[in-house]
Amino acid sequence: MSVDAATAAPGAATERVGRSEERKDLAEKIRGEAQFAGDLEVPRMLHGKVLRSEVPHARIVSIDTEAAAALEGVVAVLVGTDLGGFNPLWGHAIKDRPILAIDRVRFQGEPVAAVAAVDEATAEAAVRLIAVEYEELPVVDTVMAAIAPDAPILHEEEVERGLFHGLGDLPEEEGNVCYRYRLDAGSVELDEAEAEITVEGEYEFPAVFQYSMETHTVIADFGDGEVTLWASCQHPFLVRAEIADLFKLPIGRVRVIVPYLGGGFGSKSYTKMEPLTTALAWKAGRPVRIQNRVDESMVTTRRHGMRCRMRTTAKADGTLVSRNVRLWLDTGAYADNGPRVCATAGDAAPGPYRWDAVSVDANCVYTNTSPAGSYRAFGAVHTHWIGEMQIDEIARKAGLDPLEMRRRSLLRKGEPVRPDGTGKPLDADLIGDVEKAAAAVGWDDPKSAWVGRGVSVGLLAAGAHPVSRAGVRMEADGSVEVNVGTTEMGQGARTVMAQIACQELDIDLGRVTVQGADTRFTPYDRSTGASRSTTLAGLAVQRAAADLRRRLVETAASRWGVEPESLEVRDGAVHGAGGSATYEELIAMRFGFVGGEVIGEGEVRPEGGTGSYAEGPVFWEVCIAAARIRVDPDTGRIAVERTATIADVGKAINPLLVERQDEGAVLQGIGNALFEEMVFDGGYLTNDTLLDYRVPRIEDMPESMRGIIVENADGPGPYGAKGCGEGAQAATPAALATALADAGVPMTELPLTPERVWRRINQLKEEQG
Amino acid sequence: MADARLALTVNGVPRELTVPERELLLDTLRDRLGLKGAKRSCDVQVCGVCTVLVDGEPVSACTYLAVDAAGREVLTIEGFAESEEFAEFERAFADRAAVQCGFCTAGIVLTLKSLRDAGELGSREAIVEGLDGNVCRCTGYKSIVEAAEAIAAGGRS
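Line order of the protein sequences matches chains A and B. Quick note: the first sequence uses the working numbering, first residue 1, plus one each step. Quick note: the second sequence uses the working numbering, first residue 770, plus one each step.
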């Protein structure tokens, strides 16, 4: 599969890409004018509230809604058994999830009933009047409990693949394991028997919450055989398909409109609150809004917790030999994006090194906890730190500096990344990158006791399915609308897409507007995630703008009776031997009056394959960070002195936005590594407010934070670009954990809370006597 | 739930409203007055996206009763955006791309305004302390600190 850039830039007088242009959405956002889903008012709109299960696992004996329905101001009360006319189950990967629980709840927080009322307070009051009788069932609260031989099975019925499973066949029914990803090359057993250095351990990664500050918010209107949604969603076209499938409607009768998103980070990928809001609107016969509270968003989606056993072997001189990985990801009660997270974690587990033998067995496991899905750098973030801890341990045993160890062992451009030789080979200069990161944190600077520095290198399968389309439309006055399905959730996509169109048309940024997707009018785009938008949607925009340019040139050529090849496009006009005409003049010539528009189309689709996960990825996102930390041995508290991350982007369309996005990734990585954790106790989430769940605040900023942009023009996107924004998040926890080990405190469990670190320091002191 | 008569000034305009005694200022602003710039997120006074200024002091409108604003002056981002002073803030944020999703931005801008008015933007430490009540999940804060430093310097970059 390839998605080569088919179009060269015109003979532009001005470079419009590679410049840190001001964000297109800046003024609207800083003035408080930008509209998010919760700011919209739809005529006759009701407000919905959800009754969620109080218990992690139970049979529903009865639901009494009589008092709720009788409350003044209540328009509709919905329970699972009302929905018999629609398809019963949804899930883009695995159809395992009812819109509302029917006879059984599988996690605390699972929607059981919903109320639509004239205002939110009334809906909330009505929800409190619904009485549910539960008969509690044994709770499977951890992955280890879930894979125990006598574990209760969460999904006994046969499940179907979802519309966007995309990962081959479902495995044979295997207890609570809903998906399994394996990588095998060589004979790990043979190599392990002969190993001169062996390091091994069992590791724990926490469940964490994405906390996009705007909670999931959806307005649904279910008219006459037609659904309209205004939704805080990253992937409107996939939501459209799932809603159409679930409610038995043609795809063209479902319309999804996406305003600005108040952050996404994966939490708004695929389908979340849209099915329930749609169902409630159907029952009410009026538009309904459901806006989650933070505690509700926390149980709507989260990052997978994980247990992992890893063993790495090497020769005495540090030459790597084999890696053996078994891991279990806690996907909660429903699969959500668990299968893809599992495949990505498996792909990232070997790390970008050369091996004689590799065995990876990654399992996605159901438990009675809230469902887990996508969160920035998923999969990679899970296994990257563990693999890198073991590389460092081998380096220590072989007497090598960690940086030297990586210089010797990292894959080079063109070598296969997957140890079985399948998929896309390495498309980046990792050694050059890691040298830059290490230098930026002062790798060789002297350091005192309890100070450590670490470096980490990994790869993340990026791009998802390579299908993106775009239209670029020029009005008679020369103003341009870029029609592209990318969701603006803070990353600056609207600015970048506009810059690409400007480059192709050689016009100023002020002439271009970019809006959110409306699936009725916006060309298809697979999704906004997997760092894919600049690479794939950006390439579609580049092609669409080039197509528009071609049409304008053809108009001039036919008017002037010359060959198109003899003409040049520069500064918003077409120039030839016989004269020049601005785009506005050309459109007037084309139609003979002051109306009409010209539309260019661009498309990216799999070339020479199906675009499957196994053929891919579209590109390997580079995940590289370095860090210097100091730990207080008396408190276990870690201070992050310096971080450096690499944005290996091929070509930075807007360098400032690249840097800014990676700074955010570093802080999220710090949160994930040092203190964020959703704490479940027997299936009950015990820290479901921001008082108890701590996210990084301004004082958590590293003392020095460097973002380094590397531009080798080696990406498949426009001008050699490839995506960024996730790599830094995968690499940061690994750099912090390896730095802490370098300071003398090797840990096997994240987050690296002061208490945990302090206990480990004392344990090590005791061991050393 | 009893209703209360409420007289206050919002963005320089005197308002008289009848609101339930339990109504939160955030709901009054967003739902009665159509001022959607203040956002709702954590509901527990941690995240700062609902920050507005009451008599010049930042408050979390998600946990502040509307009736407690009686007789006071409320400034929201919509009001501040009309002022000449705002242009400095806008330029400082624009030049450093200190806005990403934008959900937290209004609260941060208003907090910074109150800090500057109180003369509390003098150092990086003061900025960090002053913005402790405003979470931003996108930026990593560095750009916001840089913008705040520029604002402290009177908009000079």
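Be careful, since some hints might not be right.
[Said to hold, decoys possible] Label-pair restraints from in silico Cβ distances:
hint : chain 1 : residue 1 : chain 2 : residue 2 : range
1    : B       : D824      : A       : T686      : 37 to 45 Å
2    : B       : E842      : A       : E755      : 23 to 31 Å
3    : B       : T832      : A       : T635      : 43 to 51 Å
4    : A       : A70       : B       : R791      : 19 to 27 Å
5    : A       : D64       : B       : A856      : 32 to 40 Å
6    : B       : T832      : A       : D184      : 49 to 57 Å
[As the list claims (entries may be wrong)] Beyond 12 Å from chain B on every Cβ pair, some chain A residues (computed):
hint : residue
7    : G38
8    : E66
9    : G263
10   : V553
11   : G671
12   : T686
Don't read these hints as lab results, they were simulated from the structure. Values in this document were obtained by computation on a predicted structure and should not be read as measured data. The beta carbon of each residue, even a glycine, is placed where N, CA and C say it ideally should be.
To see whether the hints hold, each was checked on the structure:
| no. | hint | in the structure |
| --- | --- | --- |
| 1 | B/D824 / A/T686: 37 to 45 Å | holds, 39 Å |
| 2 | B/E842 / A/E755: 23 to 31 Å | violated, 45 Å |
| 3 | B/T832 / A/T635: 43 to 51 Å | violated, 31 Å |
| 4 | A/A70 / B/R791: 19 to 27 Å | holds, 23 Å |
| 5 | A/D64 / B/A856: 32 to 40 Å | violated, 59 Å |
| 6 | B/T832 / A/D184: 49 to 57 Å | holds, 55 Å |
| 7 | G38 | violated, 7 Å |
| 8 | E66 | holds, 24 Å |
| 9 | G263 | violated, 5 Å |
| 10 | V553 | holds, 35 Å |
| 11 | G671 | violated, 9 Å |
| 12 | T686 | holds, 16 Å |
Checked against the numbered hints above, the structure violates hints 2, 3, 5, 7, 9 and 11; every other hint is satisfied.
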